Amino acid sequence: MNTLRDDIQQYKPAIALNKLASRKTLHRVRIFLFLVFVATAAGYAVSYSFFDAQYSQPLLAVSLISLAFWLEQILAFSFSNSFYFRKLNSVLGLAEKNTSGTTYDVAEVILPDQHDVAEAFCNSQLGSLVLLRSGANQEAISQYLRNARQQITADMVALPENEVFSLIGLGKYILKHDTAFADMLAHSGVQKDTFLGALRWVVGSVHQEKRADRWWSRDNLSRTKAIGREWSYGYTYLLRKFARDIRTSAVFSTLSTNTPFALEKMNDIESALARAKEANVLLIGESGVGKIDLIMAVQRRMQIGKALAAIAGQQMIVLDTNLLFASHQDKQSLELTIIGIFEEAVEAGNIIIVIEHLSVFMREAERMGIFLPELIDQYLSAPNVHLIATDTPGSYHTYLETKGGFVRRFSEILIDTPDLGATTRVLQAVALQHEARYEVFFTYSALRGLTVAADRYLVEGVLPDKAIALLIDVAGEAKRQSVTIITEDFVYGVVSEKTGVPAGPISESERDVLLHLEDKLHQQVVGQEVALSSIARTMRRARAGIQAADKPIGSFLFLGPTGVGKTETAKALAAVFFGGEEKMQRIDMSEFSGGDAVVKLIGDGESAGVLPTMFREHPYSVILLDEFEKATQSVHDIFLQILDEGVFTDSRGGKVNARNTIIIATSNAGSQLILDTVHQRKELSTLSSEIIDSIIEAGTYRPELINRFDSTIIFEPLSVGQQTEVANFMLTELYERVQQKGYQLSVKEDLLDALVKKGYNPEFGARPMQRVLQDVIEEKIAQKIISGSVHQGDSIKLGLTDFTPEELTV
Amino acid sequence: MELFSIWKNCLWFVGHFFSLRQLAGSWFAPWKRTTEGRGEKWNLEDLAGYIIINIISRIVGTVIRTIILFLGIVSLLATVLIGVLVYIFWLLTPFVLIGLLGFGLMLLIA
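Chains as they are written, first to last, in the working numbering: chain A, 24 to 833; chain B, 36 to 145.
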């Protein structure tokens, strides 16, 4: 059995050499010696020819000696290389056979301290970088190294067979076998996954650097353009004029083409292109998911001869549609050019035409009176010409699909938004590019935070684009605030500031709000203890992150008679969670009871619809769906999806994100039953399931819809005491209004009691109360002001005696 | 061993750079597919044009391809030869190195 200790001995001489002088130093020495050699050799030649060989001998001597040392450096360089790049092919997945053993990096880490593998790892340059990236606490690491613990020696580590033991393997080994190390990470708040992610990131980028350094490898050599490939194919005059080589595409490559996902899609594209006829591809994906990157990756594979034989030697050319439209004023000449381009492609025989945003191109052409499907149909079925088009799912559904047969000429390949893991991997490379520019350092958990936050809280755009944009924002913000290490908390802080939605770890003040949410809501809502505590519980669960992330923040069905505080509760939630009552958006669902309900709600091809507009304009808000039961069944069905997945598709095929909203549907359904229950003095909470059952039985809501809500909250009718409280609330508002006009108002107890008695109506809640206050008190004040019996600065005191019985019976 | 694999990579690169396989496969094909149409109906003039253009196109194609193939094969042979020489030199490097150093020092002292 081969142990770590046995295997790393082979690297000893090379590592000793590199300790003496680093690879960079050796490189500089080599260049210096070569220059000395060239200069002295030239000097020798000049001296020999023109100056009677006056200095020729010493110059020749120095030249020969520097050549000798240069050769010696070449030997040293080759010697170092043969160890430095050992096993790299296997690690990069380029080797044909499985090998075993360690890499140079592992030996470099372990050799200084073979008696304590973990200590060697922590003290090494790469090991400490991994720990720093994973966010481990420096103090905890030193404490761990000082403490007595069971040490793993290099003898104890058995190397796997048929697999190279890289630094990733070493990190995994330590994590698995050294419990003290795992504990240290746990105490620093670093989860195992975070450590492994940081490990893969750091070591992976070292491997990629090495790959780029090794210019003599076949994958690096193959990047050169070959000559003579296209000589057996035809000329493409028009194509060259209106198109460009895809290799000139200025694409910021976001899609890692090494992932299984990308490989699968590349294979799909290749096999579609290799078909005998109708070898056309339509790539459907949101903008920013990397459609052009995929096409370019296929092009690279064709270039290095790794693509399917049937498409070897093909050339990809991107049609410049803007130039095409700009340089043609009339229908006929444009038609001729388009036909010409396709004729040339057929003639040339090796052309793959790439058209970006196919539907935009077709619409533009349509505007000039050209029906593209008819014009190019014959070429799409020809064996010699291939077309790759790209489009977004939205345009595909609303426009291309309606063109029937045309789309059938293409093999459709759907490029999904990459998953969160893939996005984090993309961010790793992007983070390294931006660290130097912004003078910041990203931890791995920050990258994961960026991915999650971009997915969850940023509504516009798709992954990984929006995550990259967020990364750049966060780096800029860190630089402004002079923060050097970017952590997950910092990322969430920036996101919260940007969106206004509390994200990430819960802050002190927010914790206070959440723990006392019931009290906060009670400042605006009278009574409803059961309802408010149920809401508070749900919201706490949501904020603690226990709830699924792919749903709205919270969703409630408020049942109960009118005027009992349902809307007030929604406003209070908007104020607490989004910072203001104006963050509540209301939709009157009774408007969606007709045959055109769905069109009005989510729009048609022409108009955008109420719901998508609302979610797009107010992505962080409380959405109040008033009188939800009055909407049609199909409208309810749309909400089934929104409540379940937090997203829905509008009529134009665009995704609408509802995950950063609290959705509240209010309904009077079951009000009578609630009132009866209260009349019978039964405990409402025990009867809530009975009430819900009766609503389902009545067919108002289907059970699956009710189940989709986080909770169904029943609002009780107000008691007389609560009504007095409500009246007091209303009077406080009135006092303020009157004060603004320059008067002091006070209302005596007896008057208030009489008014509450008059306004009390369990069926209509607080609404009649509002009316009574308006009709009686506001009317009286108005009379006094108009008649001139009070002047600014006076105080108006109103009691029961100030009113005649007639005035009280309005 | 590593020297050998680098040498193999260089040989592969020369083949790739000069597109040897593709050019050999299309050695006598018309130059960039430049040909005349044969015409819809039988017509001696058209047929003659077709044959002549075709032949000229093929000749041009063959000449240019031959030049590149020739350069490619020469480069390939050179790479083979250089590989062998480098290998021999590699074996002799220690002696060459000592010789150069000794000779240089001798010149300096003398």
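Hints are supplied without guarantee of correctness; some may be wrong.
Stated by the list, open to error - Cut-off 30 Å, straight-line C-alpha distance, at most; resulting in silico cross-link-like pairs (DSBU-like, lysine-lysine):
| no. | chain 1 | residue 1 | chain 2 | residue 2 |
| --- | --- | --- | --- | --- |
| 1 | B | K67 | A | K47 |
| 2 | A | K502 | A | K521 |
| 3 | A | K233 | B | K67 |
| 4 | A | K248 | B | K67 |
| 5 | A | K300 | B | K76 |
| 6 | B | K43 | A | K248 |
| 7 | A | K120 | A | K35 |
| 8 | B | K67 | A | K300 |
| 9 | A | K110 | B | K76 |
| 10 | B | K76 | A | K35 |
| 11 | A | K606 | A | K623 |
| 12 | B | K43 | A | K120 |
| 13 | A | K329 | B | K43 |
| 14 | A | K42 | A | K195 |
| 15 | A | K764 | A | K780 |
| 16 | B | K76 | A | K329 |
| 17 | B | K67 | A | K264 |
| 18 | A | K35 | A | K199 |
What the hints assert, rightly or not - If you want the footprint, here are the derived chain B segments under chain A, 3+ residues with CB under 8 Å:
| no. | stretch |
| --- | --- |
| 19 | 62-69 |
| 20 | 83-94 |
| 21 | 98-110 |
Because the hints were derived from the structure by calculation, they are not lab data.
No experiment lies behind these values; they were computed from the predicted model shown.
Don't be surprised by glycine CBs; every beta carbon is placed ideally from N, CA and C.
Right, here's what the structure says about each hint:
A distance of roughly 48 Å separates the Cα atoms of K67/B and K47/A; the hinted pair therefore is violated under the 30 Å criterion. Restraint check for K502/A and K521/A: the C-alpha separation of about 16 Å stays at or below 30 Å, so the hint holds. Using a Cα cut-off of 30 Å, the hinted pair K233/A and K67/B is violated, with the two alpha carbons roughly 41 Å apart. For a cut-off of 30 Å, the pair hint linking K248/A to K67/B stands: about 18 Å separates their Cα positions.
Taking the CA atoms of K300/A and K76/B, the gap is near 29 Å; set against the 30 Å cutoff, the hint holds. Under the criterion of a C-alpha separation no larger than 30 Å, the hint pairing K43/B with K248/A is consistent with the structure, at around 19 Å. Simply put, K120/A and K35/A have alpha-carbon atoms about 26 Å apart, close enough for the 30 Å limit, and the pair holds. Using a Cα cut-off of 30 Å, the hinted pair K67/B and K300/A holds, with the two alpha carbons roughly 23 Å apart.
Restraint check for K110/A and K76/B: not satisfied, since their Cα atoms lie roughly 67 Å apart, outside the 30 Å limit. Between K76/B and K35/A the CA atoms are separated by roughly 81 Å; this puts the pair beyond 30 Å, and the hint is violated. Taking the CA atoms of K606/A and K623/A, the gap is near 23 Å; set against the 30 Å cutoff, the hint holds. Distance check on the hinted pair: K43/B and K120/A sit about 17 Å apart at the alpha-carbon level, within 30 Å; holds.
Straight-line distance between C-alpha atoms of K329/A and K43/B comes to about 18 Å, which keeps the hinted pair within the 30 Å bound. Proposed proximity of K42/A and K195/A is supported: the alpha carbons are some 27 Å apart, at most 30 Å. Note on K764/A and K780/A: the hinted pairing holds, with a Cα-Cα distance of about 29 Å set against a maximum of 30 Å. With a C-alpha separation of about 44 Å, the suggested pairing of K76/B with K329/A is violated against the 30 Å cut-off.
Simply put, K67/B and K264/A have alpha-carbon atoms about 18 Å apart, close enough for the 30 Å limit, and the pair holds. Restraint check for K35/A and K199/A: the C-alpha separation of about 27 Å stays at or below 30 Å, so the hint holds. Counting residues of the stretch 62-69 of chain B whose beta carbon lies closer than 8 Å to any beta carbon of chain A gives 5, which reaches the threshold of three, so the coverage claim holds. Check on the stretch 83-94 of chain B: 0 of its residues sit with their Cβ under 8 Å from a Cβ of chain A, so the three-residue criterion for coverage is violated.
Only residues whose beta carbon comes within less than 8 Å of a beta carbon in chain A count, and the stretch 98-110 of chain B has 3; three or more means the coverage holds.
When held up to the earlier numbered hints, the structure conflicts with 1, 3, 9, 10, 16, 20 and fits the remainder.
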